[in-house]
Amino acid sequence: MSASPPPDVVIADTGVTGPPASERRPSWHESPLRISIRRFCRHRLALASLITLVLLAVMAIFAPLLAPDPPNAVNISLYQQAPSAAHWLGTDQAGRDVLSRLIFGARVSLTVAVTSAISAGLIGLILGLLGGFLGGWVDSVVMRLTEIILSFPALVVIILIVAIIGPSVTAIVVVIALTQWPTACRIVRQATRSLKEMDFITAARATGCSNLRIMTRHILSGVMPPLTVVLTLLSAEAILLEAALSFLGLGVNVPESSWGGMMQAAQSLTTLSTLPWLWLPPGIIIAVAVLAINFVGDGLRDALDTRQQT
Amino acid sequence: MVAFIARRLAIAVPVLLGILLIAFFFVHLLPGSPIQMMINPNQLSGPDSTKYLASLKSELGLDKPLPVQWFDWMVQVFRGNLGYSYQENVPVTTLISQRVGATVTLSLTALLLALVIAVPVGVVAAFKQRSWFDYVSVGLSMVAISIPVFFLGLMAIYFFSLHLGWFPPGGRNTLGVEDSLSDTISHLALPGCVLASVLIGPYVRYVRQSMLEVLHMDYIRTAIAKGVPRMRIVFKHALRNALIPLTTVLAIQIPALLAGTLVIETVFAWPGLGQMVYQAINDRDYPVILAVVMLSAALVVVFNLIADIVAAVLDPRIRI
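Protein chains in written order, with my numbering: chain A, 5 to 314; chain B, 5 to 324.
If you're looking for bench data, these hints aren't it; they were derived computationally from the structure.
Remember, it's a predicted structure, so these values are computed and weren't measured experimentally.
Be aware that a few hints might be false.
Here chain A is said to cover these stretches of chain B; the calculated rule only asks that three of the stretch's residues, wherever they fall, bring their Cβ under 8 Å from a Cβ of chain A [said to hold, decoys possible]: (1) 195-205; (2) 235-248; (3) 263-272; (4) 288-299.
No residue lacks a Cβ here, since even glycine has one placed at the ideal position from N, Cα and C.
Construct the complete structure from the given sequences, taking the supplied hints into account.
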C-alpha cells in the first residue's frame, strides 16, 4: 500500500472538489482508506469536530504567537479584573491574563491526550496481540491483568501514583497509560482472536511465516481500525483525567497553566461566585475538546466499520 | 450452574489477590515516612529520637521486608482488621464506617436517578430510532460523557446554589439545625444529580444499543406478525431481554461511579469516603488509602461476579 496522505489534506480535497459523497458510487478500485475517508466526511458532526480539534492543535502549537500576554506574567496591579477589551477573559488572582493561560493550557491537555493514548494503545496492542494470538496461559495472564487493573477506580490509583512520582506531565502520561491500556488490550485481543481463524492466516502459516511475522504483519493491519477508534476514546478520557487531577491539585507544576489547574481556584466558594471568568472558560474548552474527540471517534467507528465492543 | 459459578470464582480469586498486591505496594512506595507525619517534630531533636523512631517503626511493622508486611497485612485483612489510621490513631474500619453511609447514600441516589432516567430514554430512543428524540438523547448523553464532572458540579453550585439559592452549596446537613428529611434531600439534590449525569450518558447508550439489537431479532418480527400491540412488544417481549446486558454494565460502571464520587465529594464538601481519601493522601495516611482502594476494588470484583451470575440466571445461553 502506498504511503497514506495526511487525512486532513485528503478530507479538504474530497470535500471541496468532488461531487457530494452520497452521490458517488463506491467503485471497485477505491482503496479502503479512501472509502473510510468518504464515509467519515459524510458524518457532518465528526467532520466539524475534526476541524475543531485541528484548530485547537494549531492554537497549542502557535500559543506564543496567539497569546496576548505571557501566560505566567504576574501583574499584581491588575489582579482579578473582569473581562475587558485589554483582557478578553479577565485576569486571575495574580493578575495573569486568563485567555493567554487558556491558550497555553491547550499544550498540556493535548500533549497529555495524545501521548498517553498512544502509550496506552502500544501497551494494549502488544499484550492484546500476544494474548489473543498465542492463547493458553499467556492469554489467561493478560486477561487477569486487565481485570485487576479495570477493578481499580482509575482516578484513585492515578492520584496515588502521581503522589509517588510527583506531579509532572511525564508522570501524568505514564500513570494514565498504565491504568487505561486494558481497554485497548481487550479490543485488540478480540480482533486478533477472530482474525487468526481466517484463511489468510492459515495461508501465511503454510508459506512458513513465523508467529512473530504473522502477528506483526498480517494481524497488525487488521487490528488497526478498531485500535484507532479506541485511541480516540482513550485520548478523550486522558483529557478528563488530567483535568480532574489538576483540579484536585495533583496536576502539572505551578505556575505552568493547564485547563484543569485553572479551575482549581474555583474550589473556594467566593471565587466560584464572584470570578466566574476564571473557571467557566477552561471548563467549557475542556468539554468542547472532549466532545469533539468523542464525535471524531464515533465518526471513525462508522467509517472504519468496526462494531462497538463492550 | 454450579460449574459456572465455580469457574467464575476461580477467576475472581487471583484477580482479588493481584489487587491486594498492587494496592499494597503502591501505597508503600509513597514518599515521606508515615512516622514523620504522626510525631511532634520537637521529639525528633531530643536525645531519644532514634530509639523512639525505631520503636514506633517496629510497632507499626514497618521494619520487616515488604513481602512479610504484605502477608501479615493480608492475614489481618481476612480477620477483618484493616489497620489503624496513622493520623487519627483509630482503626481504619471505624473511620470508614463513619463515612461509608454518606458515600452510599450519595452513590445509590445517583445510581437510582440514572437508571430511572436512562432506561426509559434509551428504550424510547431505540424504539423511535432516527427520530428527533433519538438524536437529541444520544447527543445529550455524548455531552454528558464529555463534560468534566467537577465542572458540572461547579456550574450546579454557581447557578442553583449561589445565584438562585435553591439548594445549599455543600455539606450534608445544615449546621445547628436538627436532621430532617427535607434538609437531607436539599443537600443531596445537587451532588446526586451531578453524579447521576456521569452514569446517564453510558447507560442511555447501552440500553439503546441493546434494545436495538433485540428489536431486530426474529422473535420480535414474529410478535409483530402475530399482531401483538406495539407497547406490549416493547415492554414485555423486548425490554426483558434488552436489560440483561445492563446488569453487566452496572458492574462495569462501578469504578467510574467511585471515581466520580471522589471528585464530587470534594466539590460539594460531602463528608464521605472520597473526601476522606483526598484528605488521607495529603496526610500520607497509608492504611486509610489502602483500605479504601482495596475495598473499592474488591467491591468491583464482587459486583462483577454477582452481575455475571445474575446475567447467567436470566439468560441461560451465557452459562455455556
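Original post:
Which hint numbers doesn't this structure obey?
Top reply: 1 and 2
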